Amino acid sequence: SQTIHQWPATLVQPVGSPLSLECTVEGTSNPNLYWYRQAAGRGLQLLFYSVGIGQISSEVPQNLSASRPQDRQFILSSKKLLLSDSGFYLCAWSVLASYYNEQFFGPGTRLTVL
Amino acid sequence: GESVGLHLPTLSVQEGDNSIINCAYSNSASDYFIWYKQESGKGPQFIIDIRSNMDKRQGQRVTVLLNKTVKHLSLQIAATQPGDSAVYFCAENEGYSTLTFGKGTMLLVSP
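Residue numbers (our numbering), protein chains in the order written: chain A, 1 to 114; chain B, 115 to 225.
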């Protein structure tokens with residue numbers, strides 16, 4: 001069966017510091033991968049998605065970037081965090097090129113920027 | 115855990131009642147719909163899906179109804195239990211596109 005991991009689970013960072021969040025998927029090959037952000041009391045905002053190694057699509061211009069160095073690894077980064085980057089970050093995967101885009105989510109990373 | 119309920123519509127029910135959570139979608143071309151459950155501090159969990167060639171689909175204690183005429187989706191939970199307390203999101207997509215998520219509804223179940 002497929003599993004998706006995210007780490008760290010929680011993170012407290014000062015404003016202006018760098019960020020690296022990691023997501024890995026097991027049990028599947030060539031998945032679509034996604035990064036979402038969820039502010040408190042809000043819905044899910046799609047940040048980035050990837051259909052393959054090195055292929056990143058950005059949905060929202062912002063202070064963040066994403067990379068996919070390996071087939072089942074997706075990384076969310078920032079060079080300098082802003083207060084507004086605080087939130088709950090979720091990674092998800094789906095079957096590549098599936099018409100019905102069922103996505104499966106990881107456990108999330110809670111980021112607090114102080 | 116995360117306080118996801120601060121700005122969300124809330125449905126409060128008694129244990130054992132049936133719950134109905136509604137979702138309006140905007141894209142008339144959407145042909146696939148999913149309901150997710152998100153417990154506090156956790157990632158969304160897939161509950162049930164439905165394709166546009168259906169108007170009803172049943173799972174264990176859950177039923178999803180799709181009305182394409184008015185672009186409305188509902189999730190019915192039978193015999194609601196305290197463990198059903200969570201935020202519920204609907205999501206839609208058209209073909210190979212990414213999912214579009216609704217704003218979510220918080221379900222509170224009282225014993």
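Check before you lean on any hint, since a few could be wrong.
[To be verified] Listed next, the stretches of chain B that the computed footprint assigns to chain A, with coverage defined by at least 3 CB atoms under 8 Å from CB atoms of chain A:
1. 124-138
2. 143-156
3. 202-209
4. 213-223
Because the hints were derived from the structure by calculation, they are not lab data. Quantities reported herein were computed from a predicted structural model and do not represent experimental measurements. Quick reminder that beta carbons are idealized off the backbone N, C-alpha and C, glycines included.
Legend entry - chain A over the stretch 202-209 of chain B, status - at least 3 residues with CB closer than 8 Å: This one holds; 4 residues, not fewer than the three required, reach chain A with a Cβ under 8 Å.
Legend entry - Given coverage of the stretch 213-223 of chain B by chain A, checked by CB-CB distance under 8 Å (3 or more): With 5 residues close enough to chain A, the hint holds.
Legend entry - Check of the stretch 124-138 of chain B against chain A for coverage (Cβ-Cβ below 8 Å, three residues minimum): violated (count 0)
Legend entry - Coverage of the stretch 143-156 of chain B by chain A, judged on three or more residues with CB within 8 Å: This one holds; 5 residues, not fewer than the three required, reach chain A with a Cβ under 8 Å.
The structure is inconsistent with hint 1 alone, although it conforms to all the rest.
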